[in-house]
Amino acid sequence: MTTNADFLLALAAMAAASYACRLGGFAAMRFVRATPRIEAALRAVPLSVMIGIVAPSLGTSGPAEWIGLAAVALAMRLSGNNDPLAAMIGVAAVAAARAAGL
Amino acid sequence: MSRPPVPFTAAGVVRGLARGSALSPGVLAYGVVFGVLAGEAGRSALEAVLMSAFIHSGSAQLAALQGLATGPFVAPIVATILLTNARYVLYGAALRGWYGAAPPAGVWPSLFLLGDGNWAMAMKEHEQGRHDGGFLLGSGLAQFVPWTIGTWIGHATGSAIADPRRFGMDFMIVALAAAMATAFWRGRASLAPAGVALAVALAVHAWMPGGWTALAAGLAGAGTAWMLHDDER
Chain B
1 MTTNADFLLA LAAMAAASYA CRLGGFAAMR FVRATPRIEA ALRAVPLSVM IGIVAPSLGT
61 SGPAEWIGLA AVALAMRLSG NNDPLAAMIG VAAVAAARAA GL
Chain F
1 MSRPPVPFTA AGVVRGLARG SALSPGVLAY GVVFGVLAGE AGRSALEAVL MSAFIHSGSA
61 QLAALQGLAT GPFVAPIVAT ILLTNARYVL YGAALRGWYG AAPPAGVWPS LFLLGDGNWA
121 MAMKEHEQGR HDGGFLLGSG LAQFVPWTIG TWIGHATGSA IADPRRFGMD FMIVALAAAM
181 ATAFWRGRAS LAPAGVALAV ALAVHAWMPG GWTALAAGLA GAGTAWMLHD DER
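Heads up: the sequence lines are chains B and F, in that order.
Each residue of the first sequence is one higher than the one before, starting from 1 at the first, in our numbering.
Each residue of the second sequence is one higher than the one before, starting from 1 at the first, in our numbering.
A portion of the hints provided could be inaccurate.
[Stated by the list, open to error] Covered stretches of chain B (in silico footprint by chain F; criterion: 3 or more residues with CB under 8 Å from a CB of chain F, positions within the stretch not fixed): (1) 2-8; (2) 20-33; (3) 45-53; (4) 66-76.
In case anyone wonders, no lab produced these hints; they're calculated from the structure.
Where a beta carbon is used, it is the ideal one built from N, C-alpha and C, also for glycine.
Make the full structure from the sequences, and use the hints.
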């Protein structure tokens, strides 16, 4: 359990960069007048970001991941949009598919 | 236009903890992986845990490990962290309409714990009409605690730990994002922003893979909604 001054200085800079990203957008929006148009744009962000997270796996993944996505969609339908549960079922489906050699 | 103040209660924190804890096993597994990698890269247990506590972002920490190992220069590492975490700028902007009216003493620590999973969960809470500001803090803690503890476990046990891929843990964030996408879907109004976001995400992924697709898709969807917005309505 040791460290040194060089690491701690680097850590402080890294932490500041990380926190700046987390605060930056929130703080900047204080100075932007929230017109209905801007609010409509920001409302579209969550769905778009989720699509951006899923999209890379559509092109590069195999049958296990496809089964996982189908399991998520089915679980969302059957559970009345319980998303953490649907995500865990998707993970379990991927694990099972990989165990089966897919 | 003044908004009604946003409550920030212990009950909201507890609700966030409960909802967020569904993600904790996956976060713990990835904390373990980071701990193993940090040990292999020559960082001490204390250093690994400090990185997880204060940078608190998997992709940024991996980049930082590599940067710390290759040279004494901090500027390139900081630049990499700013790029890998740029999506958080967008997340924070989207939170303004809700958290702008919350007590600052609750907002600043909540934003410190901002991550992909708890942000998505919090945005859904807000959409469903639950506005307690404690949610983001609680769901953030449900990621922060297993992330730092997992890092320590990984560093202590080394590479003896099983491959998280075997348990499908690498699929957790994709599965959650897919579930969230169906929850955020608002019928035909979502079609154009979602379609543009998907096209841009696929193009960006093919062209420059890495941490860019989520940010690019978010900007593309927001831009589409901005252009299509009808001021008359």
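Please flag the earlier hints that this structure goes against, numbers listed from lowest up. The structure breaks none of the hints.
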